[in-house]
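S.K.: The primary structure of each chain is shown beneath.
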Amino acid sequence: MAEEPPIISIDHLTVRYAEQEQPALDSISLTIPAHSWTAIIGHNGSGKSTLIKAMDGLVTADGGQMTVAGLAVTEQNIWQIRQRLGVVFQNPENQFVGATVADDVAFGLENARVPRPEMLTRVDNALAQVGMTDFADREPAHLSGGQKQRVAIAGILALAPAIIALDEATSMLDPQGRASVLQTMRDLKAKENLTILSVTHDLEEAAAADHVIVIDNGRLVASGTPPEIFAEGPALIDMGLSVPFTEQLKSDLAAGGITGLPADYLNEEEMADQLWKLYSTM
Amino acid sequence: MEIVLDHVSYTYQAGTPFAGDGLRDVSVTIPDGSYTAIIGQTGSGKSTLLQHLNALLKPTTGTVRIGDREITPKTSNKNLKPLRAKVGLVFQFAENQLFEETVEKDVAFGPKNFGVPEKEALARAHRALDLVGIGPEYYENSPFDLSGGQMRRVAIAGVLAMTPELLILDEPTAGLDPKGRTELMTLFETLHREQGIGIVLVTHQMEDVANYAEFVLVMADGHLIKQGPPAEIFSDPAWLAEHHLGLPRAAQFARELRAKGLPLPDIPLTEQALAAEVLAILRPRREADHE
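Chains as they are written, first to last, in this note's numbering: chain Z, 23 to 304; chain W, 8 to 298.
A hint or two may mislead.
[Stated by the list, open to error] Cut-off 16 Å, straight-line C-alpha distance, at most; resulting in silico cross-link-like pairs (EDC-like, lysine to aspartate or glutamate): (1) W/K112 x W/E125; (2) W/K267 x Z/E291; (3) W/K112 x W/E127; (4) W/K186 x Z/D238; (5) W/K93 x W/E9; (6) W/K267 x Z/D295; (7) W/K65 x W/D32; (8) W/K267 x Z/E292; (9) W/K65 x W/D28; (10) Z/K299 x W/E263; (11) W/K233 x W/E249; (12) W/K186 x Z/D224; (13) W/K186 x Z/D260; (14) Z/K75 x Z/D48; (15) W/K267 x Z/E290; (16) W/K88 x W/E172; (17) W/K65 x W/D13; (18) W/K112 x W/D152.
Since the hints were made in silico from the structure, they are not lab data.
This is chain W alone, in the form it adopts within the complex (with noise of 0.2 Å):
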């Protein structure tokens, strides 16, 4: 499902003292199917536009067209439920928002009030909940028992049973251990490659955004300022700087080695690809050494 956004602006307390720029003038095309990462200072609007992928938020001026359906400031609130469905939007710490008796119900709930039968709720949760990892054990356990990680994972499973054909990711991996991070990235890499579910994730970590995402938007201020693939974003470490943005780590030690002399061919942008050149450079000679 394709998102494009023609020239939306948002106010947020429109016609009060307390009015703020959420958006201002934003244009942006989200191709189906894609992952895209947005990134961008606190502040910056990147979760005002994530509400405008849903309708959660409508423009104050401009359209948002989501599929076949247009949002526009006059849009009523009625008839957004399909939409929603298309569109899963996990909030950050979206374990917050766990309320019911038991991980299977919580996650069916989702299904059943878009009037889903019982069983076939079911169905989908246990579908949804065996993808993130969450084993039928804890079915009838209060999802409240549960560690930190394993409620995040509920949460999303709540998410996926809705079957969205885009999911919204609002830093998904915020708080969690590297193990508990590096699994919930995976899920959504394979949700992506495998069953071709569009990404859009909001993130600091440019790691992240380096080792997933196809494509960039970077916001400030409310603007979009830049989009393109990673390596275009990051070609430019002192336009960065200037937005209060990093490198991956692993393009930032890259940049010191050349510094120091060594002659890498390309910034790499994560750390496997810096190993490959690092060998590259490394192993010719150790090889003429041996001769």
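Chain Z extracted, bound-state conformation (with noise of 0.2 Å):
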């Protein structure tokens, strides 16, 4: 079977916004292959959530094309776009308009003028999928910030999109909701062969995406699967990020003079047994 094409292609991005000198994203060039979960990782500013705007059209770009699922990203095609990338923002108090959950999650379908007996279909079927089903007559404000997250979601897959992107979806929410919330992304993502897009400052969310995707400053300065990534620790801590807990382990015990670790990045189960390694054959 010949390689499916991807899914984004991004070719030389140049995003401005008018008051600003420099521009918010700078000539980026990027591809998205399709059913993958790629992370977007950058500190506060770095023209991440941008990138994602720019995808779906909630920002002209000033330069270089862009194709969303088989589509060019121009004005005529945004509404279809919108259909097939979906994006769950970080504030989950801001996406609301419905009375209830079920009426939140039909407004998409109700926009797109979907039949009223299949709209009611899609609507269960997606409130079903995030877990959300008892709550399909509640009002959105009763609810806690995962469960918020999870209706919001339920709305994009209600338009059975092909591409969702989490746009600090997570960054607002307890530990508990940030869980919720991911592990149901994870079970969509198995399950509906969807592709994820998940711009965060959360590193170990990041550590178990297919591939991630640095932007500084504008730039796409890094990319490449996980361990490629991490094991540029001391670059990514100056570019105002962190460095998963394993490798700042790893570079303090180096540092005091253990030096039998691999230098790849270690997740903390591996972490774990090369210490006991270490341990039981010094």
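Starting from two chains that each stand alone, build the complex the way the hints lay out.
M.R.: Okay, here's the thing in structure tokens:
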């Protein structure tokens, strides 16, 4: 079977905001493989949210080309693109329009003029997929942050998108809410064959992605698998990010004279195994 | 300034069908000049508790003593201003409350509102902005042209310009990048250590509790269910899990190492402490190898 073409390709994308000298995005080129989970990391103001907004037509490109789910990102295609690429934003309070959870999920379908019987089925299915069926008739205001974000995800799912982008969607949630949203996304990705883009500061979340993209001052500075990216420890800190816990521990142990650990990025389980190996064989 | 809560309960929308308990019979002393963390699930009563610490909310029953002021259900809302100058409250996403035309005006607003003359208010604003790392080149900017992290710091400067004795922080680093987070937490630590400002921090970050707090209050369902130093709070992972709370990552990892057989003497709470313990175990063996 021939390899599937990338679901997103971006070629020399530049975005400028009116009042700023430096472009928010400066000639970014990248591709995102279909059905992958890609984490986009970078400090506050690095341009990572702008990248998502450009793909979704919320900000206009000043240069370059983009293709999202087979469509060129142009003014004519914006509405079709928004049905294929759904974005969950940071603040769960700011994305509700419906009086009940079910109404809210139906909103996008109404906009897309989906016939009512089909709409009801799609809403039910979407709520079931995020585990919020029991809350269909509740007021969104009375949900927890994590529940609100899952409803926002259901609103996107109802439109049967190919791509879901999380724009720091878990950063305002407590640890339980965060875990529930991420688990929902992992299950959905597996079941629905979705492509996930996740703009995040949570390096442990990034470490679990298939692919990591690092944006700094509007430029793409690195792109690779989590082990490739996290092997750059100190450079990440210089960019206002941090390194995963295991990398920090490895570097402190190296400073203390323990040099027998592999240079590659290790997750916690691998790190524990390596430390045990050092202890038991020395 | 010491704060003492004595059998404090708080009912939201009391007397209506929507009445709900925010706090249930909470008694606790927050010592003068301490660094106290409050942890608990969303909806456990943490924010309700915070709002009692500067009399934004008054208890439905019980009393709150803030320094020498006693707040009871009957306390009138008048004359609470001096108290609120001494106890500065930084809300979640504090940048949402910026409103002035320029950064310095926004920060000077609080002191001016409390009757501080214009010139002195500006001088205080400049000192506070200096503390949070916002330089003079930003004084005349609109606060809305700043980055999210800078806006957060300007909002915090607005509270610091009131020269509070106690700083109450409701998830002050939520949504910031790791560098912004570290900078703010370091600022609070410095204010605490160098100026003796008391800190009360509501957080979901167990690393922050381990790194900075001297004392921890655990809330669940409106009750204060545990209090003590971080080492004590984190000594019972099963109890924490039962209340949907976690361990700091270093402690969690140390337990995994112990389970594998590494003889770590203590469960460290911070990454540095963990590294030190692992070094202490691995180094002697390595030195023995070289002999």
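S.K.: Confirm or reject each hint.
M.R.: Against the structure, the hints:
1. Taking the CA atoms of W/K112 and W/E125, the gap is about 10 Å. The hint holds against a cut of 16 Å.
2. Under the criterion of a C-alpha separation no larger than 16 Å, the hint pairing W/K267 with Z/E291 is consistent with the structure, at around 11 Å.
3. A distance of roughly 12 Å separates the Cα atoms of W/K112 and W/E127; the hinted pair therefore holds under the 16 Å criterion.
4. Between W/K186 and Z/D238, the direct Cα distance comes to roughly 13 Å. Compliance with the 16 Å bound is thereby established for this hinted pair.
5. A distance of roughly 12 Å separates the Cα atoms of W/K93 and W/E9; the hinted pair therefore holds under the 16 Å criterion.
6. Under the criterion of a C-alpha separation no larger than 16 Å, the hint pairing W/K267 with Z/D295 is consistent with the structure, at around 8 Å.
7. For the hint pairing W/K65 with W/D32, the CA-to-CA distance comes to about 14 Å; that is within 16 Å, so the pair holds.
8. A threshold of 16 Å between alpha carbons decides the hint, and for W/K267 with Z/E292 the separation of about 12 Å falls inside it, so the pair holds.
9. A hinted pair counts as satisfied when its Cα atoms are at most 16 Å apart, and W/K65 with W/D28 qualifies at roughly 13 Å.
10. Distance restraint check for Z/K299 and W/E263: the Cα-Cα separation of roughly 14 Å lies within the 16 Å cut-off, and the hinted pair is therefore satisfied.
11. The suggested pairing of W/K233 with W/E249 holds, with an alpha-carbon distance near 13 Å, which does not exceed 16 Å.
12. With a C-alpha separation of about 12 Å, the suggested pair W/K186 and Z/D224 falls inside the 16 Å cut-off, and the hint holds.
13. In summary, the hint linking W/K186 to Z/D260 is supported, as the alpha carbons are separated by about 9 Å, within the 16 Å threshold.
14. Taken as a hint, the Z/K75 and Z/D48 pair is honoured in the structure, with Cα atoms around 15 Å apart against an allowance of 16 Å.
15. Restraint check: the Cα-Cα separation between W/K267 and Z/E290 comes to about 13 Å, which is no more than 16 Å; the hinted pair holds.
16. Pair hint W/K88 plus W/E172 holds up; C-alpha atoms about 14 Å apart against a cutoff of 16 Å.
17. At most 16 Å may separate the alpha-carbon atoms for a hinted pair to count; W/K65 and W/D13 meet this at roughly 12 Å.
18. For the hint linking W/K112 to W/D152, the alpha-carbon distance of about 15 Å falls within 16 Å, and the restraint holds.
In this structure, every one of the numbered hints holds.
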